[in-house]
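Asker: Given these sequences and hints, build the entire structure.
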Amino acid sequence: MYYDRSSVKTFWISFLTSIIVSAIVSFSIVYYIPDFLEQIEEEKIEVPDVEGLDLKTAEMVVDRSGLSLVAERVNDPNVEKDRVIYQNPAPGTELDKGGIIKVVVSEGPPTTTEEEEEEIIIPDVTGFELNQARVYLSEKGITVGKVEKKISSEPEGEVISTVPEPGTKITKDVHVKLIISIGPGKVVVPNIKRLSLFQAERRLSDNGLKMGNVREITSPEYPFDVIIFQDPESGEMIEKGSSVNVTINREAS
2 MYYDRSSVKT FWISFLTSII VSAIVSFSIV YYIPDFLEQI EEEKIEVPDV EGLDLKTAEM
62 VVDRSGLSLV AERVNDPNVE KDRVIYQNPA PGTELDKGGI IKVVVSEGPP TTTEEEEEEI
122 IIPDVTGFEL NQARVYLSEK GITVGKVEKK ISSEPEGEVI STVPEPGTKI TKDVHVKLII
182 SIGPGKVVVP NIKRLSLFQA ERRLSDNGLK MGNVREITSP EYPFDVIIFQ DPESGEMIEK
242 GSSVNVTINR EAS
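The numbering of the sequence shown is this note's numbering, which starts it at 2 and goes up by one.
All the given hints hold, so there is nothing to weed out.
Derived Cβ-Cβ restraints for the label pairs, each shown as a range:
#, residue 1, residue 2, range
1, E47, H176, 54 to 60 Å
2, S243, N76, 55 to 61 Å
3, E95, I20, 41 to 47 Å
4, S244, E130, 26 to 32 Å
5, E217, V164, 41 to 47 Å
6, S197, S243, 20 to 26 Å
7, P165, K194, 31 to 37 Å
8, V105, K45, 22 to 28 Å
The calculated lysine to any residue pairs, modelled on SDA-like cross-linking and capped at a C-alpha distance of 25 Å, are:
#, residue 1, residue 2
9, K194, D226
10, K187, S162
11, K211, I183
12, K57, P90
13, K241, V215
14, K147, K178
15, K178, I121
16, K241, V189
17, K103, E60
18, K178, S139
19, K151, P233
20, K141, E130
Calculated directly from the structure, the hints in this document are not laboratory data.
Note that the structure is a prediction, hence the values are computed from the model and not measured.
Cβ atoms here follow ideal geometry from the backbone N, Cα and C, with glycine treated the same way.
Answerer: Shown next, in the form of structure tokens:
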């Protein structure tokens, strides 16, 4: 039988080459893969316990562990200032190297100024005229806020009540609303613009007034079938039972 020497030689070269490559791969798996896996495991870092530490110490502990710290401050009357109240993630949790630990740090109890702490008792200014009430309350360190007008049996222009009520304790940052009488026979004209005629009549009736003359115009600048002008204007005081004249926008037929 005849053998081709070159083919036999090629076979043995290929065979020996595959054995050498297999040996190299096996060697790599045995000696390098464990080191690689160990390196991956080392990238996981256990979160340290920093609750109860002062912020500077907590930052140092976290930095040494290879992690980062982000702090949020809140007022807490039960924990001294700069102490860590809470952390997330919890101690013992594993994070990647460079991972972030969020902590809540105490700012201590809320601070208040002497002005905010000082309480003032609202005096009774019932019966005072508006300007007299303003001056008197100002002398007591109280600021007048809104002034509301209401129908009352008391004379027009007199204070009939305050909000909060007299005798209430307030701080200087609280404004007091005064309720002023407009007398027994006058009412405040309500705003009836942009209402339909029916809606306007009902609102006027609810306020002790009635509908007066109704004038119709056509204008593309306003919605149709609603009141666009009124006389007297809203906010004015008029005798109860008086009429309010209106202009309504009608679409041209």
